[in-house]
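Spelled out, the chains give:
Number of protein chains: 2
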Amino acid sequence: MYYFDDFKIGDTFDLGTITVTEEEIVTFAQRYDPQPFHVSAEQAQESPFGGLIASGWHTIALFMNLFVRVILNNAISLASPGADEIRWLKPVRPEDILTAQLTVVESTPSRSRPEMGIVRVKWKATNQNDEIVLTMLSTHFLGRKP
Amino acid sequence: MYYFDDFKIGDTFDLGTITVTEEEIVTFAQRYDPQPFHVSAEQAQESPFGGLIASGWHTIALFMNLFVRVILNNAISLASPGADEIRWLKPVRPEDILTAQLTVVESTPSRSRPEMGIVRVKWKATNQNDEIVLTMLSTHFLGRKP
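Heads up: the protein sequence lines correspond to chains Z and G, in order.
Just so it is clear: in the first sequence, position 88 is 88 by the numbering used here, and no numbers are missing.
Just so it is clear: in the second sequence, position 111 is 111 by the numbering used here, and no numbers are missing.
Since the hints were made in silico from the structure, they are not lab data.
Any given hint could turn out to be false.
Treat identical chains as interchangeable: a pair holds within one or across any two.
Computed cross-link-like contacts, DSS-like style, restricted to lysine-lysine with a CA-CA straight-line distance of at most 30 Å [claimed, not checked]: (1) Lys122 x Lys90; (2) Lys8 x Lys145; (3) Lys145 x Lys90; (4) Lys124 x Lys8; (5) Lys145 x Lys122.
Only chain Z is shown next, with the shape it has when bound in the complex (with noise of 0.2 Å):
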């Protein structure tokens, strides 16, 4: 179990590794953000990508779920209220291989609430040429240690 009391500031979690199908990035796309270079891989070719690339929110998702999986599914997670600074630096394409990891930037216990504490961490993903495509930080509320 994580606790509150675990995310010390500069504490880094390594969240493993995603990989990006061509069929999953359609999928999502054609759902919630069907622009033409995140949907056709053909009209992606005369994009200035040059080829089919994840929508932005795709790749936050699938980061989403690694953090859930490995972090807040074994916590007392209270859920967030918010994020900032998404900074999608690099397009995602295809059987990119993206490597996802936390860096705790702010930790403060919650004055109104004693049960719990405020975790700010910054978001980055790597991909496998060691560029930084996604970098962004999210807010949540976490449960101390009893």
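Mind docking chain G on chain Z? Use the hints.
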């Protein structure tokens, strides 16, 4: 067609409405955000939310779908470098009907690329009880009127 030149500070765009079903909430969350209060109506009953709620990423993805269909796929959209200040203000529950609106908050011609401009929009999703459930800022590179 929409061009950069059509987005003036203060302009608003009504994107339409989103209805969120329990089935889609669970399907999205199983793959991308499998926290108990997103994937199981039963476990969600015992959570602080008292019932199933949508992943915040799912709410954004549903809004994005409208944004793309109404605006971006009718513009020369050259992708987005990022987004900021995501705030999930209220839970989104099955059968909620959300109204999606954009307001232009910045509109700047590109100095380095005269064929495009940079537009920043504020997202607002409101539920059927007139409660704001989501706000956010996103940045877009859009082609200029020829």
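Hint check:
Proximity of Lys122 to Lys90 under the C-alpha cut-off of 30 Å is found in both arrangements, the shortest distances being 17 Å within a copy and 23 Å between copies. With identical chains, the CA atoms of Lys8 and Lys145 are at most 30 Å apart within one copy only, with a shortest distance of 14 Å there and 50 Å across copies. For the homomeric pair Lys145 and Lys90, the shortest alpha-carbon distance between copies (27 Å) is at most 30 Å, but the shortest distance inside one copy (39 Å) is not. When the C-alpha separation of Lys124 and Lys8 is checked against a cutoff of 30 Å, the pair qualifies only within one copy, where the shortest distance is 17 Å, while the shortest distance between copies is 34 Å.
In the homo-oligomer, the alpha carbons of Lys145 and Lys122 lie at most 30 Å apart inside one protomer (23 Å), although the nearest pairing across protomers, at 38 Å, exceeds that limit.
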